[in-house]
Amino acid sequence: MRSLSFKELWRYRELLYFFAWREVKVRYRQAAFGVAWAVIQPLLAMIIFTLLFGRLARVPSDGIPYPIFCYSALVPWTYFSVVLAQGSNSLINNEALLTKVYFPRVLLPAGTVLAGVVDLVIGSLLLVALMLYYRVQPSWALLLCPVVVLGFMLVTLGLSMLLAAANVKYRDVKHAVPFLLQIWMFATPIIYPVSMIPERFRSILALNPCWGMVSAFRACVFPQLPFDFQLIGPSLGVGVLLFLGGAYYFYRAEKSFADLI
Amino acid sequence: MQRNEVSVMDPVITVERLSKQYKIGLADHSTTLREALSSVIGLSFLRRSAAEDTIWALRDVSFSVERAETVGIIGRNGAGKSTLLKILSQITYPTSGTTKVDGRVATLLEVGTGFHPELTGRENIYLNGSILGMRKKEVDRKLDAIIEFSGVERFLDTPIKRYSTGMRLRLGFAVAAHLDPDILIVDEVLAVGDAAFQKKCLNAMESLRAGSRTVLFVSHNLAAVENLCKRCIWIDAGQVRMDGESRSVIQAYLGNMTGGPAATTELQNLEQRRGNGKMVYRSVQFLSAEGHPQEVIRSGDPVVMRFHYSATEPIAHPSFGFRMYTDMGSLVTDTSTWHHGISIPILEQGDGYVDLEISCLNLMPAKYSLSLWLTDMTGALVYDNLEHGVILEVEAGNIYQSGRELDSRFGLVFFPQKWNLSGARTQGAQVLNDLPGVGESLIR
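Sequences listed follow chains A and B, in order.
Note that the working numbering has the first sequence beginning at 1, numbered continuously upward.
Note that the working numbering has the second sequence beginning at 1001, numbered continuously upward.
No lab work stands behind these hints: they were computed from the structure.
Nothing here was measured: the structure is a model prediction, and the numbers come from that model.
All C-beta atoms, glycine included, are put in the ideal place defined by N, C-alpha and C.
Among these hints, one or two may not hold up.
As the list claims (entries may be wrong) - Pairs of lysine to aspartate or glutamate, DMTMM-like flavour, derived with a Cα cap of 25 Å:
#, chain 1, residue 1, chain 2, residue 2
1, B, K1137, A, E8
2, B, K1136, A, E23
3, B, K1136, A, E14
4, B, K1199, B, E1118
5, B, K1100, A, E254
6, B, K1023, B, D1010
7, B, K1367, B, E1393
8, B, K1100, A, D259
9, A, K7, B, E1118
10, A, K25, B, D1140
11, B, K1142, A, E14
12, A, K174, B, D1243
13, A, K169, B, D1053
14, A, K25, B, E1138
15, B, K1100, A, E8
16, B, K1023, A, D62
17, B, K1200, B, E1148
18, B, K1137, A, E14
19, B, K1136, A, E8
20, A, K7, B, D1180
21, A, K255, B, E1110
22, A, K7, B, D1355
23, A, K25, B, E1118
24, B, K1278, B, D1180
To be verified - Far from chain B by the CB rule (all over 12 Å, computed), these chain A residues:
#, residue
25, D62
26, V149
27, F186
As the list claims (entries may be wrong) - Covered stretches of chain B (in silico footprint by chain A; criterion: 3 or more residues with CB under 8 Å from a CB of chain A, positions within the stretch not fixed):
#, segment
28, 1090-1099
29, 1117-1125
Full structure from sequences and hints, please.
As structure tokens, then:
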């Protein structure tokens, strides 16, 4: 009866904005620290990781001070993990909307993906502060950060669509996602550098879309780190596949959302 | 079944052989991964419920609605009305059949869809408006009117979690009333709120109709349906039972509710009931003052209504009650033992009856339907609830002892009353003694 209609999505673009706006508005309502939480979360993670892995376990960091090395990856990773956790629940948390009114369903996970950008930008401001503190001399590559972020958003949206749609039918997803994210974090070069991984494993790990994204983001921030396209390429490819697969599954499942939820 | 109108000029809604099947019999609505996996692998013993029953919520429904038509949709609970509206508004999808809807649709299945408790009234106006399909510019333009309509100006910048239910409703309806769709689909929103609010809603709907928009309107308020809609579709068990002029459809619908008048109405076999069943109504009898079954009940007669019940266990603090409606669905009265302050600490297990004694049935001749209910004192726990389970047919009676035939044209009820002409300069005027119990003049 209905197919993916870009015309319709365009017509509903304001609702996408309103869903994102709602999430941003609501997230830190009635919280004494308010928006500061967007900084506190990755900052605390950075401090803990620095103490545990940087100081105690002496994990190398490609000659970059460990705190900023870790934080530069935590900024995109926090975006990914927070948004995916929320995005995968974005349909089941809006049951009243799904059963009472029509709008393109994809706007719910997409709104979450968009709303997360606000936190990402705030988190990035601290990154800039850290760069000044640690005297990191950025190159022109820094301007590529938004491109990497866009790639991250694409992957996040694809996975959010997949998990949110599956969550409607199988609530197992709700329980699996936090666990999945925990494992995923350690499978991504956040607390350790790519250089620590033996060459032969790298091609396998590159299939993790976050692997390439995080490496690319770091390469944008630190001029001494290379853009390793042998890593970024496969990651990006998997990311695009995830996006297409997620979108396909979402639009196929969409029709039964109101009945199954 | 078919509408016998020849000129199909401009259908904006066309529904053809629409069917919708639902799966039932699952413990909860969601399936689990385990079930899916086990069915893939073929391990049937892992499956919890092999029996997958299905029901047809809609079966072969066809009709069309023309531009600027206002169509009421009536039917019992579970007849498929809401499913139909949900398919038309693309919330859910049909199992088979097609729908064609031509124009911008706004769906109002509840008031205030998508309100977020943490957001302020003003923020929620924008959010709700956007969800219902309004553009931001449109909301900007109509904001003042919406705020005024809602009557919550003072709390506009307060999170709506601090609002009362009534305030939320008013705010929600204020937004909805300012929608400007080609087609409006409304379900039961009028069932909530107080009388004043309902009136406001009806007025807003009236103005929509005046604005030559197409409206599909589902409601149990049959008086409102008749008032608003020229045409009415009666859905029964997922099928179109009747489609035509509202008044005749509504009357046929109500006539179908029960078999017809009789001194005793058996209720035990009625399927359409709600409640936990620990205590049920078995039958209702209409008796004369002497306790004989009364086949014909006339205006002004003394009547005893005997409610036979059956309790499967001792019941603490039950309340017996009923609502009486006119054949157009207007509420005449809602009364109960609770209203009378009657306390029943324990009603023992077993059968019995309660009598409602009416010394003078002051109803005008007409057909009335009764919805019976049995609840606890709070009304939260429902033992039994029968919508329109009993029909009371009141015949013309000599109510003012004048021999004049008085029928439903003269109103719904009459009161114990007496005309006093002692202050009028009359010649030879005669006043007959009127009603039982009103013999003496009140004013001396």
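> Going straight from one Cα to the other, do B/K1137 and A/E8 come out at no more than 25 Å?
Replying inline: holds, 18 Å
> When you check the alpha-carbon spacing of A/K7 and B/E1118, does it fall within 25 Å?
Replying inline: Answer violated: A/K7 to B/E1118 is near 32 Å, above 25 Å.
>> For a C-alpha distance cap of 25 Å, please report whether B/K1200 and B/E1148 respect it.
In response: holds, 13 Å
> Is it true that the CA of A/K25 sits at most 25 Å from the CA of B/D1140?
Replying inline: holds, 19 Å
> CA of B/K1100 to CA of A/E254, is that 25 Å or under?
Replying inline: holds, 19 Å
> Is B/K1136 close enough to A/E23, meaning Cα to Cα at most 25 Å?
Replying inline: With Cα atoms ~18 Å apart, B/K1136 and A/E23 stay inside 25 Å; holds.
> Within 25 Å, alpha carbon to alpha carbon, are B/K1023 and A/D62?
Replying inline: Violated - the C-alpha atoms of A/D62 and B/K1023 are around 58 Å apart, more than 25 Å.
>> Over 12 Å from every CB of chain B: does A/D62 meet that, or does the non-interface label fail?
In response: Holds, because the least Cβ-Cβ distance between A/D62 and chain B comes to about 41 Å, which exceeds 12 Å.
> CA of A/K169 to CA of B/D1053, is that 25 Å or under?
Replying inline: holds, 18 Å
>> Hint check: B/K1142 vs A/E14, CA-CA at most 25 Å. Holds or violated?
In response: holds, 17 Å
> When you check the alpha-carbon spacing of A/K25 and B/E1138, does it fall within 25 Å?
Replying inline: At roughly 22 Å apart (the allowed maximum being 25 Å), B/E1138 and A/K25 satisfy the hint.
> Does B/K1100 pair with A/E8 here, judged by a C-alpha cut-off of 25 Å?
Replying inline: It holds: about 17 Å lies between the C-alpha atoms, which stays within 25 Å.
When held up to the earlier numbered hints, the structure conflicts with 4, 6, 9, 12, 16, 22, 24 and fits the remainder.
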